[in-house]
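Student: Given these sequences and hints, build the entire structure.
For the record, the sequence lines run as chains L and C.
The working numbering numbers the first residue of the first sequence as 1 and each following residue consecutively.
The working numbering numbers the first residue of the second sequence as 1 and each following residue consecutively.
What the hints contain is simulated information worked out from the structure, not anything from laboratory work.
Every residue gets a Cβ at the ideal spot worked out from N, C-alpha and C, and that includes glycine.
Heads up, a few of these hints could be off.
[Said to hold, decoys possible] The following label-pair restraints were derived from C-beta to C-beta distances:
#1 C:Asn106 <-> L:Ser69: 14 to 24 Å
#2 L:Lys190 <-> C:Asn227: 52 to 62 Å
#3 C:Lys306 <-> L:Lys9: 51 to 61 Å
#4 C:Ser334 <-> L:Ser14: 49 to 59 Å
#5 C:Asp300 <-> L:Ser69: 53 to 63 Å
#6 L:His23 <-> C:Asn165: 50 to 60 Å
#7 C:Asn323 <-> L:Asn156: 49 to 59 Å
#8 C:Lys335 <-> L:Asp22: 21 to 31 Å
#9 L:Asp22 <-> C:Asp300: 28 to 38 Å
#10 L:Glu8 <-> C:Asn198: 50 to 60 Å
#11 L:Lys125 <-> C:Lys335: 46 to 56 Å
[Said to hold, decoys possible] Among the chain L residues that face chain C by a calculated CB cut under 10 Å, a handful are:
#12 Asp41
#13 Phe48
#14 Lys52
#15 Thr57
#16 Asp135
#17 Thr136
#18 Ser146
#19 Thr148
#20 Ala153
[Unchecked claim] Below 30 Å or equal to it, Euclidean Cα-Cα: the simulated BS3-like pairs (lysine-lysine) are:
#21 C:Lys49 <-> L:Lys125
#22 L:Lys49 <-> C:Lys308
#23 C:Lys252 <-> C:Lys306
#24 C:Lys306 <-> L:Lys49
#25 L:Lys33 <-> C:Lys252
#26 C:Lys74 <-> C:Lys220
#27 C:Lys125 <-> C:Lys252
This is what each chain is made of:
Number of protein chains: 2
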Amino acid sequence: MLENKNQEKTDLESLGEFGLIDHLTQNFSLTQKSTLKGIGDDAAVLDFKGKKTVVSTDLLIEGVHFDLSYMPLKHLGYKAVIVNLSDIYAMNAKATQITVSLAVSNRFSLEALEELYEGIALATKMYAVDLVGGDTTSSTTGMIISITALGEANTNEIVYRGGANANDLLVVTGDLGGSYMGLQVLEREKEVFKVNPNSQPDLEAYSYIVERQLKPEARKDVFELLNQLGVHPTSMIDISDGLSSEILHLCKQSKVGCNLFEDKIPMDPTVISACEEFKMDSTLVALSGGEDYELLFTIDQKEFPKIKGNPNLTVVGHMTAENEGAHLISRNNSKIPLTAQGWNSFAKHN
Amino acid sequence: MLENKNQEKTDLESLGEFGLIDHLTQNFSLTQKSTLKGIGDDAAVLDFKGKKTVVSTDLLIEGVHFDLSYMPLKHLGYKAVIVNLSDIYAMNAKATQITVSLAVSNRFSLEALEELYEGIALATKMYAVDLVGGDTTSSTTGMIISITALGEANTNEIVYRGGANANDLLVVTGDLGGSYMGLQVLEREKEVFKVNPNSQPDLEAYSYIVERQLKPEARKDVFELLNQLGVHPTSMIDISDGLSSEILHLCKQSKVGCNLFEDKIPMDPTVISACEEFKMDSTLVALSGGEDYELLFTIDQKEFPKIKGNPNLTVVGHMTAENEGAHLISRNNSKIPLTAQGWNSFAKHN
Chain L
1 MLENKNQEKT DLESLGEFGL IDHLTQNFSL TQKSTLKGIG DDAAVLDFKG KKTVVSTDLL
61 IEGVHFDLSY MPLKHLGYKA VIVNLSDIYA MNAKATQITV SLAVSNRFSL EALEELYEGI
121 ALATKMYAVD LVGGDTTSST TGMIISITAL GEANTNEIVY RGGANANDLL VVTGDLGGSY
181 MGLQVLEREK EVFKVNPNSQ PDLEAYSYIV ERQLKPEARK DVFELLNQLG VHPTSMIDIS
241 DGLSSEILHL CKQSKVGCNL FEDKIPMDPT VISACEEFKM DSTLVALSGG EDYELLFTID
301 QKEFPKIKGN PNLTVVGHMT AENEGAHLIS RNNSKIPLTA QGWNSFAKHN
Chain C
1 MLENKNQEKT DLESLGEFGL IDHLTQNFSL TQKSTLKGIG DDAAVLDFKG KKTVVSTDLL
61 IEGVHFDLSY MPLKHLGYKA VIVNLSDIYA MNAKATQITV SLAVSNRFSL EALEELYEGI
121 ALATKMYAVD LVGGDTTSST TGMIISITAL GEANTNEIVY RGGANANDLL VVTGDLGGSY
181 MGLQVLEREK EVFKVNPNSQ PDLEAYSYIV ERQLKPEARK DVFELLNQLG VHPTSMIDIS
241 DGLSSEILHL CKQSKVGCNL FEDKIPMDPT VISACEEFKM DSTLVALSGG EDYELLFTID
301 QKEFPKIKGN PNLTVVGHMT AENEGAHLIS RNNSKIPLTA QGWNSFAKHN
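Tutor: As structure tokens, this is what we get:
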């Protein structure tokens, strides 16, 4: 729906591949010292001057990862970038460059792609990364976006998933479950719109969670904050698939167990009220919701004074010996095994 | 057709995303010194030790870039990798790592993806690159492959498109037009198969050109040869879109003109006979065919003795002042302007 809102549309075929890339990328400037050559050759050339190079990539498919009936293209462009940058920050590295490949069917106009690239441009500006390459092609159906993000870090700065130790504190940034509940609201409005296309949705009460879904941010600020505080996590991951799944990744790769305390999981009041409205368990939403793009990390207990009281960081549990397993300690103090598919497994316990 | 040939098929959904990635990548080992961390964290970690990092990316869509009715999945995996490596060699850089993202609809079985990854694995082995990351997801229709390739080079080794000078010699590797004519043969057989599914195509006479289409190689050997010969091209590009289009890229970015000699364009006898059979002009096929993945480069005339007589390298013309434009000098010595769409423009001249 949204991609067709322009009154005057320009056919993509009238530009050709090279004209299209030139047009869409003309307003992108290079700002990173490490970018020697961006778009316009067989490959980009980067200079990390002895630092390590960090690389991550994501593929986003229309109808699987996004729904253009409620996702404005500008937001989609922005979100596609930050999803990838989030992976770079989760390595405790500085994000520096991205490449963007795009496949679109002929139902998209030039003006629609300009909107998408406006969002991409805004993200590159906000996060100070350079667009250095990509590929533009036609698709048989819908839109496909593939982004690769690059970053840099010194060896001793890089944080892997596998470094957590028993007794380390488990810390989460921001709050959880918002993106998932925002999606529930948008899906409900889509159903309403199908029945009555003249309905004007009033989403003001849901603005926080809808924004968490449509325009999430990557925690560049936390990457910088940890640096300022002199906190070096022992392990780190970004929360794209829900807290439960990410904790299990840290446990598996660090060969440790974990106790997660239900009453510590940070949630915005809007998320809790939306859960009540949709008759969903807010803990399950935080555990399995996904797409929050917060960071989850572990620190040695000695580091605790450095983060104590910081409103961006919440201690939600601690790591244990591997043979103790990974558990949620519920509000009524029962010990429930964490599983990657929180919804199914919890159904058995509650 | 080919993706369904297995008798016993395993549903992708039975594995889940993480199980699938683990399964498909279990036989990949890391061999590059520059790979510190491959698959299994938020990002790969690479160490180019002060060398420059070179990055290129490509998106391949079923129905646009490949047709599984005649492209075996193993070949597709192989080709998807070498298409990207070709861009790295075109920078005169050593290819070192790739990431592979894959989206597939539920019509693909696990066994089909195993075939695809066999081809990817073979390419990583033949070209000595490490698979260090990627993303695996479902698609609403068909298969989508997005590959990013990384490489390394010292500053003085990197060759851009923009360094050619007037009077430089224009050199092409291997021979041209084979991939395009192989495609014509395969398309014809597909039509025959539609009419008579029991027909057994005899492609032996076309084996060279069919292999050029289905299993092309990237010119790692030429990258190494130039290094051994001490030849440093002034500009370079890989031939993915046809000779004509690539020459125009070099001319535009180097601000030079070019004279290309029709009688010098290297073509395999099989290509010429296939052109006769299909009633196509072989020069036009070489100029506009594409997908040969040969290298096109310019060298100072002083370098000529170093490459003289080498069977892999053919001097096809020379660069001129920019205001002289880019031309094909035909066999009957007429001067025809080169254009990116050779077929259309040539129709007017011949």
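Student: List in ascending order the numbers of the hints, as given earlier, that are violated by the structure.
Tutor: Hints 4, 6, 22, 24, 27 are the ones this structure does not satisfy, whereas the remaining hints hold.
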